[in-house]
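If you're matching them up, the sequences are chains X and D in order.
The first sequence begins at 1 in this note's numbering and counts up by one.
The second sequence begins at 644 in this note's numbering and counts up by one.
If you are wondering where the hints come from, they were derived from the structure by calculation, not from laboratory data.
Backbone N, C-alpha and C fix where the C-beta goes; we use that ideal spot for every residue, glycine too.
Misleading hints may appear alongside valid ones.
Below are the DSBU-like pairs computed for lysine-lysine, each with C-alpha atoms no more than 35 Å apart in a straight line [claimed, not checked]:
(1) K513(X) <-> K583(X)
(2) K513(X) <-> K981(D)
(3) K902(D) <-> K513(X)
(4) K626(X) <-> K381(X)
(5) K973(D) <-> K513(X)
(6) K981(D) <-> K1129(D)
(7) K553(X) <-> K513(X)
(8) K902(D) <-> K1167(D)
(9) K902(D) <-> K813(D)
With beta-carbon atoms standing in for the labels, derived distance ranges [claimed, not checked]:
(10) Q724(D) <-> E472(X): 35 to 41 Å
(11) R470(X) <-> R755(D): 34 to 40 Å
(12) R470(X) <-> V681(D): 22 to 28 Å
(13) V681(D) <-> D51(X): 31 to 37 Å
(14) R196(X) <-> D732(D): 52 to 58 Å
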Amino acid sequence: MQEPPQHECSGESCLWPRIRDLSVLAILLAYVWGGIDPRLLHHQQALIFLDTPEFARQFFAAPGGPIDYLTRLVGQALSIHWLGTVILGAELAAVAMLTHFYCKSLTGRAVPLVRFVTPLLAVLMLGVYSHQPTLPASMIIGLAMALLYARLRLGEAGRMTLFIVLLLAGYYLADVAIVFFAPCAAIIQISRRPARPWGLAYLAMAISLPVLAQRYWVPYITFGYEHWFMQESPILTALHWLLFAFLPLTMLLVLAAGLFKRVGLAIWRRLFPRLAAAMAAMPREPQTRTPAERHFAQVVATAFLLIAAGGVLAMGYSREDSTRKLLYVEYYFSHEQWQEVLDSARDLSPDDYPYVACFDVDFSLHMLGRLGDEMFRFPQKRSVLLDFHDDGYQPYMLSLVDFCIRLGRINDAEHFAQESLTMFGPDGRTLRQLAVINIVKRQPGAARKFLAALAHDPLRGAWARQMLSRLESDADLQSDEEVGLLRRRMQVRDDTAEVQERVGGEVTIDLEKVFLNLLDRDPSNRTAFELLMAQYMLYPDLERARKLMSKIKDMTGPAYVGPDGRRRTPQHYQEAMAIYADKTGQPVNIPGFEIEPQTLQRMKEFQSIMASHRDRDSALKALWDKYRDSYFFYMVFGPGDYR
Amino acid sequence: MTTRTQVILGASAAACVLAVVGVWWWRGSVDLSSAVPVGRAAAIYPDYSGLVVPPNIAPLNFQVREPGQRFCAKVSGDRGQGETVFSSDGRIQWDAGRWRDLLAANRGRQMRVEVFARTDQGWRRFETIVNRVAAEPIDGYVVYRVIPPIYNIWGEMSLVQRALDSFDEKTILSNLRSFDSSGKTLENACVNCHTFSQHDGRKMILHVRPGDGKTQGPAMILVDGGRAVKVETRSDGEPPAAYASWHPSGKLLAFSRNKLRQIFHSSGVEVRDVPDTDSDLALYLVDSGKVVTHPLISRPDRLETFPEWSPDGRSLYFCSAAMIWPERGKFSYEANPKIMYDLMRVEFDLATGQFSRLEMVVSAAVLGKSCSQPRISPDGRFLMFCGHDYGSFAVFQPSSDLYMIDLKSPRNPASASGPSATTAASRIATGSEIEPVRLSLNSDRCESYHSWSSNSRWVVFASKREDGVFARPYLSYVDSDGNTSKPFPLPQKDPSLYERQLMTYNRPELINVPMRVTSGELVKAINSAGTRPAVTGATPKSAPDAMWRAKQPSFGPASQPVEAK
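Using the sequences and the accompanying hints, generate a full structural model.
This is the structure:
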């Protein structure tokens, strides 16, 4: 602070630092675009935002509320790939810039590399997806306040007042911002001459404020101070700590190094005055570098920095690879981009293929009309169905509600959607589901209510307004094909007593009965038919599959009617019934169902290869190329990943 | 600052003020006399037309639902100064002070609202809305729960006190945000029903169920003035107190203990249902802190619930159904839609603590509806109750309507002086002689949780008439003959609030003295260990008479209720 300000660069020498800055920023942007994908952040963090006064009011009554509100507002833009990248890039640039100016204010010169480390840590944190959404913005506010504190020239009392005002304002506006601000302000205070102990008082105040506020002002805060330092994963906790501590510790080290240098020189002069004087009198050779040498050094430094940054980001990318791939599956599923669900599921590794992903894939295949032909091209487990129960994992609840709606279990869908609304708040996706549910139930008043709330969602508002307008002209949406389909499927007989069983306080649902009741209600319910058939095949229970197959005549769509208009039978159904006939010796004569000769031929080939191999492994290898996507293969080798 | 700068700034400020005044004057000076009559009433939300309104109600703000670029509404009365409001988005929000003066000047008279909308063709004038201002005021406050539609999981729920002459709302208790002096919260406890004594916010009880922390137990919180204490009403394995009613003396309250269970229907409008598999009634004696019961209100072969004292304190009304569950406390889907509650009455003598003469008031079989939530007007004239297809949980019954009986009707044996010759047994066998009236204020959706004002002229109730999902508090005038006026929703500052609000207003209760207890005091009481009175089982297992006569006096010299077990 005492040294005269120095310019980091001037004239031609400014070029390389700028190139360096821009290159690092470009790498970070590229990482945000391709490595993180802001759309996944938006999906994972489910940042709910409604532009209503009631929604705003709940944020402004508690510390951290304003930044939470702002983050949610700005966070809506993350749903657009390029815009989200620009916004996150701007945040990272702001973090770098504020770090740079803060360091410069403190030491009087730019501290090499430091300004690159903070955004690098921040981008790594973004890549974990489940980080606290407000943290980047809080960091910017904390650093901005530290810079303001450093720049304003005030007396002791003035500085103390300024600190308290900024601390209170920072805590209210962006709670965790004080974790960035207070240590930085304390270091500024400690580094001042003459030394004052106020810096420690600053830290004490910063620690006391959230504790006291949460005890006597607002005990209920979604992310209270306890959560600032403890995250759900160890890596996220480590990144948070690094972000919190990096700048203050670095600055302390820099200041301590300067102090040691000054103190060391003084001791040296005191102990060896003559030697010191003689050394000081010795002529120094000017350290001159040719322009080419300087140029080379800059290139090397920049390249080193970029390689280091790239290496760190590559590590982060690799670490979150499975999370990202799974998020893509969920993201596309929630956007009903069925083909993309399948494409992204192909990237999932066998070890990270959870049950929900399995369901998402099978359901997408069903929506594309390919479940009966392609389900064994993807990893399968013993069940394809979601259990009817509440779950604290929002994507599960969203999938479950969609599942129930498509099936025709509208009241179950309403139940789980309402639970979801209670657990996760007025998420636009849930509001949309509830609107659809109530439209199907011919409750336009309730549908309007959810649509009216959804109309205030920046992303889905247009759809909601359009639906509201349609409801004005046709309250029941009689002419809507999709609504008509769901109404045909909707369970209209209360079968709760049949399908529910309570054992020791736990309610279990007989899903088979649920599906059969749905097919009784609407024999053409393709969702119920295909998913129940898939369940029988996975279990496997070919006797029941055979019985269910009698309903195939009521199925329509490209899976059952070929391009030439002739009926066809999905491949896996043929394979299942071929096995059934082979095992029982009973021919399968079902109206609307046919086993093609090629299928029978394939089964014979399969059986002969099996017979020619004594052990399971060698049979598997022999059958792998031609049969691993068939039901024959599944029947022999069971559930697994045979991609 | 130079003189020139000062002049420029001053002139700019003056120009701004002039511009604002000019715009204001121009807006107010629109000539509406040439507006073309439309020949019908304007579509407005909420529907505030054809009403009887209290003289102390907050401004009835509304939204004009007509096409137009500009809107205007004029409110006027036979006396006093009216008001004209312009709006570009159709929201009509009256000035609170002028509204109050207008209502005060027009008590017992008519109040008119003229609505105008400007389209490309100019101003259009709709038919005048005429409302009547009642002479009798409504109580000053309504206390309700604001909760999400609850299935298995509950989120934030609040007990809120709303002033009826303004839009002021005060959160009395929030299960997430309220805390005591040590910073302890309710840990997401479920805030249940609240019951006031004599419309006095200072004396009440409140029920809570434990939240995430499970440090509390289900409890009854007794509030007297600014103090709150926890009362433990459970015995081992038996449920806590649920629905309650204060005796007019304030010395005791009757409460039900219910073994409720939630089920979900796979079809039909309402998904949820809450059957009551075992219940009976008991009394809580405030001074001694004891719980007592009596065979007439806790029969083993009946399910008793929803107690309600008559204003003179001499009768206890309640709902009672035959126990047709396969066994006590065991639910069956087959029996559930057959559970029908009758409305019963039993005499009570406060001096002796004695119950006598159990009789049926409304037979569910005769009415064809199951009865619940009886509430008697403070003047003792009318009894309003819910009638629905089956069961007792009206708020989850789309068929629930409000019915009323005239307790002073000559046909009502309870109104006759002297003891009736009809025995309880024969009355139960023969059914009611009183014909309940289905009130005109009902809609085709669920009506429930009604509450009388202290002057018996107003009633507030929770209605799902808008959408079938979210209940809103509706107000209606009840004249001396028991006729009800067109109900209207509790006015809000933002008239479109109900349209988008995804919370439900539950159990609105009118009070004329506001609540004084702080949320900190309530939280402290709820989190405390509480006192544990002597309690009885859900239904007495011992011989009724022996039990009744067994023990010591409690609050009377002669025949007293017995401290159970």
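List in ascending order the numbers of the hints, as given earlier, that are violated by the structure.
none
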